[in-house]
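Residue numbers (this note's numbering), protein chains in the order written: chain A, 1 to 514; chain B, 1 to 514.
FYI, nobody ran anything at the bench for these hints, they're computed from the structure.
C-beta atoms are modelled at their ideal positions from N, C-alpha and C, and glycine is treated no differently.
Among the hints, erroneous ones may be present.
What the hints assert, rightly or not - Cross-link-like lysine-lysine pairs, in silico, DSSO-like; alpha carbons within 30 Å at most: (1) A:Lys-50 / A:Lys-188; (2) B:Lys-144 / B:Lys-196; (3) B:Lys-177 / B:Lys-138; (4) B:Lys-115 / B:Lys-102; (5) B:Lys-188 / A:Lys-363; (6) B:Lys-499 / B:Lys-363; (7) A:Lys-144 / A:Lys-309; (8) B:Lys-188 / A:Lys-499; (9) B:Lys-304 / B:Lys-177; (10) B:Lys-499 / A:Lys-185; (11) B:Lys-185 / A:Lys-499; (12) B:Lys-138 / B:Lys-309; (13) B:Lys-367 / A:Lys-185; (14) A:Lys-188 / B:Lys-367; (15) B:Lys-185 / B:Lys-144; (16) A:Lys-169 / A:Lys-312; (17) B:Lys-102 / B:Lys-304; (18) A:Lys-312 / A:Lys-102; (19) A:Lys-144 / A:Lys-115; (20) B:Lys-185 / A:Lys-363; (21) A:Lys-185 / B:Lys-363; (22) B:Lys-188 / A:Lys-367; (23) B:Lys-185 / B:Lys-138; (24) B:Lys-185 / A:Lys-502; (25) B:Lys-196 / B:Lys-50; (26) A:Lys-188 / B:Lys-499; (27) B:Lys-502 / A:Lys-185; (28) B:Lys-169 / B:Lys-188; (29) A:Lys-188 / B:Lys-363; (30) A:Lys-304 / A:Lys-169; (31) A:Lys-367 / B:Lys-185; (32) A:Lys-138 / A:Lys-169.
Unchecked claim - Facing chain B, from chain A, some residues (calculated, C-beta under 10 Å): (33) Pro-162; (34) Pro-179; (35) Ser-184; (36) Lys-262; (37) Ala-265; (38) Val-319; (39) Gly-320; (40) Pro-321.
2 protein chains.
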Amino acid sequence: MIIWLETLMIAPLSKNLQRVRCGVLTVEIEHVDAATLEKLEQQGVDCQPKASTIRIIQDKYLQKVHFSRHGIPLPEFMQIDDLESAKRAGDLYGYPLMIKSKRLAYDGRGNAVAKSEEELSSVITVLGGFDHGLYVEKWAPFVKELAVIVARGRDNSILCYPVVETIHKENICHVVKAPANVSSKIQKMATEVACKAVSSLEGAGVFAVELFLTEDGQILLNEVAPRPHNSGHHTIESCYTSQFEQHLRAVVGLPLGDPSMKTPAAIMYNLLGEDEGDRGFDLAHQLIGRALCVPGATVHWYDKPEMRKQRKMGHITIVGPSICKVQNRLDSMLNKEKFNSQSAVTPRVGIIMGSDSDLPVMKDAAKILNMFGVPNEVRVVSAHRTPELMYSYASSAHERGIQVIIAGAGGAAHLPGMVAALTPLPVVGVPVRATALDGVDSLLSIVQMPRGVPVATVAVNNATNAGLLAARILGASDANLRARMSQYLEDMRDEVLVKAEKLERNGWESYLNP
Amino acid sequence: MIIWLETLMIAPLSKNLQRVRCGVLTVEIEHVDAATLEKLEQQGVDCQPKASTIRIIQDKYLQKVHFSRHGIPLPEFMQIDDLESAKRAGDLYGYPLMIKSKRLAYDGRGNAVAKSEEELSSVITVLGGFDHGLYVEKWAPFVKELAVIVARGRDNSILCYPVVETIHKENICHVVKAPANVSSKIQKMATEVACKAVSSLEGAGVFAVELFLTEDGQILLNEVAPRPHNSGHHTIESCYTSQFEQHLRAVVGLPLGDPSMKTPAAIMYNLLGEDEGDRGFDLAHQLIGRALCVPGATVHWYDKPEMRKQRKMGHITIVGPSICKVQNRLDSMLNKEKFNSQSAVTPRVGIIMGSDSDLPVMKDAAKILNMFGVPNEVRVVSAHRTPELMYSYASSAHERGIQVIIAGAGGAAHLPGMVAALTPLPVVGVPVRATALDGVDSLLSIVQMPRGVPVATVAVNNATNAGLLAARILGASDANLRARMSQYLEDMRDEVLVKAEKLERNGWESYLNP
Chain A
1 MIIWLETLMI APLSKNLQRV RCGVLTVEIE HVDAATLEKL EQQGVDCQPK ASTIRIIQDK
61 YLQKVHFSRH GIPLPEFMQI DDLESAKRAG DLYGYPLMIK SKRLAYDGRG NAVAKSEEEL
121 SSVITVLGGF DHGLYVEKWA PFVKELAVIV ARGRDNSILC YPVVETIHKE NICHVVKAPA
181 NVSSKIQKMA TEVACKAVSS LEGAGVFAVE LFLTEDGQIL LNEVAPRPHN SGHHTIESCY
241 TSQFEQHLRA VVGLPLGDPS MKTPAAIMYN LLGEDEGDRG FDLAHQLIGR ALCVPGATVH
301 WYDKPEMRKQ RKMGHITIVG PSICKVQNRL DSMLNKEKFN SQSAVTPRVG IIMGSDSDLP
361 VMKDAAKILN MFGVPNEVRV VSAHRTPELM YSYASSAHER GIQVIIAGAG GAAHLPGMVA
421 ALTPLPVVGV PVRATALDGV DSLLSIVQMP RGVPVATVAV NNATNAGLLA ARILGASDAN
481 LRARMSQYLE DMRDEVLVKA EKLERNGWES YLNP
Chain B
1 MIIWLETLMI APLSKNLQRV RCGVLTVEIE HVDAATLEKL EQQGVDCQPK ASTIRIIQDK
61 YLQKVHFSRH GIPLPEFMQI DDLESAKRAG DLYGYPLMIK SKRLAYDGRG NAVAKSEEEL
121 SSVITVLGGF DHGLYVEKWA PFVKELAVIV ARGRDNSILC YPVVETIHKE NICHVVKAPA
181 NVSSKIQKMA TEVACKAVSS LEGAGVFAVE LFLTEDGQIL LNEVAPRPHN SGHHTIESCY
241 TSQFEQHLRA VVGLPLGDPS MKTPAAIMYN LLGEDEGDRG FDLAHQLIGR ALCVPGATVH
301 WYDKPEMRKQ RKMGHITIVG PSICKVQNRL DSMLNKEKFN SQSAVTPRVG IIMGSDSDLP
361 VMKDAAKILN MFGVPNEVRV VSAHRTPELM YSYASSAHER GIQVIIAGAG GAAHLPGMVA
421 ALTPLPVVGV PVRATALDGV DSLLSIVQMP RGVPVATVAV NNATNAGLLA ARILGASDAN
481 LRARMSQYLE DMRDEVLVKA EKLERNGWES YLNP
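Here chain A stands alone, though its shape is the one from the complex (with noise of 0.2 Å):
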């Protein structure tokens, strides 16, 4: 029997626990009375995680004195006494200053920021006084808030989620979206802080780890939550383990679940408590019943007894083939006005070319995926006329949901290969014939590309060619549209099979003279 606490006071629990046969002990929610879980241990009960780690967590003060010890990045903390101690750590970090309560803090409550030593008063009385305890932070100039789920089952077995990136709203999580867009080196030094900071907390379970990425390109810890966490929610959809079963799978000591995606985008949305009583549930009302026409969207509604203003109510979670089209998909269910279930579509290959002379031989990329219901774009880009607008439009294509960019140049072709050195997505190039040279200008100068940046070129002018290979290419992860490949191969077969039916039929003399 697993016990899952989900009250602050676990103290009346403590007898029955020793009626019931409980196999092991764990938390919803860090605030609860560590100093029960302790007595709890001692009589024999097993805390997963344990109650050592509940204590570390909860006063966040003393979690960052903890991981300062193990050498985990963080920004610069200190105590505070009286209104004397902030001003001296006001001097000392500048402002704007993050204070913070030590205990109890929780979506938003207990942290407060002074823009100025003016305000520090003022926010310190909001926060309750010095009774219960505050701290202040080193404003992290972050560019983005990152965190990693990491699971740990009672073999010390580690395994970690997808960084995501976590967007706030008045120090309350908004949006989730997962994976997190930055490049492979930061999610690498994110998953190792993460593992390290948890490795130096004792016992089994999920661990949400949140992070700030810095100007400068460092990681620092911001805080962890010994149990599966709002920033986790997407893998309910998205992972092959949620982390809820991971949790449970790291607790009672059964192997950890794959925690990786199993699609390749994910976006959570928090729905948060508007109004006190009935009339906060509007927005909510409206939201819900417009996710349930956008694809890939899934409502999950915690039907908590009391809405307040700013709690956390339910959340949508919405997967699908890339974060540039749950994006997408979000922000037309957001947008009353422009609310449209079959909303735009996005273009899966872009098809560009140096000059709109090369139309006529580039059109039969698009005829061709129009056909296999490839969405598309067609767009003019020169590499040597528009060098600017080539940058832009290679470099940021992936984030925008292309998936394989088709170029077509004629003579000394550049396109392709400046492109190719722009984008991590395939590009194929098509030689255009140009005036001279019949083409062989194009082709060489679009096949010979240097080691390291590669070109999938096809035949002079063949941009059929070009629609069918960027088709097998997204066919290589999409058995449907490899189905249809397939189908194709075959329709091509049977046209010339009939055609060499009727020829041997007819003979060559009528077949070619009819």
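On the provided structure of chain A, position chain B as indicated by the hints.
Frame of chain A; chain B shown alone:
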């Protein structure tokens, strides 16, 4: 309030329905009392699907007559009333002959096969004689059994889930593979037959349409279930909207959800009851234990109060990047001796070459893929010297989980183009410099493919770029791999900048003569 009927008799419920406010009445199984349903409808209870549908479906003979009248392709069938008429049916349809109970047939109960006229009498006895109604079906010489889940909303909007293959053992569904490995033409036919069948029935909900694919490529209807169905259990993990959520959306009049797959492949394995009593859980217990170590596997245990031999006690769904991969995972889970949770990695890229003399060039593709952590295999496959091997390699590669083929060849370099003609996968061609013509022969043989069959050609001898192109192709649908490719481009830039800085610092003379 939705009332979901799980009992065989609804008459006792009839009175209660008038007391509680019943919004919609739906069924979990078609073997309910249709007369009572009809009476409820007359009393104004909203039944979805309609009582008329339940009445048609629950009598399999009536079902056949209904679909036959609506022009749905079916195996031939006729009612039998005595041994004489059974013998006449045998004479007409030949043997083996399928004999079925009209009513209460479920999970293989009520179906039996007579292999010859001599067996007729005993088979009819096993089915309980003629008292409850029997009919016969002409044996359908099917190559595969397929199924389509069709959802219809209250507004008559219709959406179909992807066609799946169902594999039966002793007339009980054993394994479901999604999507079915059939051509897109067959998928389209199956979906059309399924839609037509459901359109002939009344009311909203989810319907499962079971189909035969015959040797000559025809689709015949087997039977329809007016409810969520075993062939749709995989949708819980693999589709944007599960069949259960879809059924609820349909019957209460919400917009239907997206039925498409969010993971490329899924396989569902039924956990059937073994012996009566506790011993019957042995195998299930072992399988569940192993499933916990299989990536992408989810265990569903129904916790039915009583174990019966061949009763569906639960199921395990495995989702993953390809049907080949999930099949491998299922195989390793089922095979106790060889079970290994870290089962052999399926190659995603096949690197082939016409001769081992190409290996010094082609090895660079494998090196790059290893660097990016992409599993690959390296093989010698010659178009001219091993044409049969080439044929079988190319035409089966996608079924083995290969997603990209890299083919290298020199001189009259036919391998890449021939392979591209035999597979729907993207093929990357590497022109290997042969002894004469400096690689121009290889390049032109590979790149100048006819319309319809593209080869993604890279520079002469540049297998590094072929490996990078394969990684970019896989990265088109894999944000993680794409992020690593961006990092690779950044690292290349940094390497060049280091050299540039050294040149600037030391001057060109000392750079050339250090």
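Does the structure break any of the earlier hints, and which numbers would those be? Nothing - there is no hint that the structure violates, so all of them hold.
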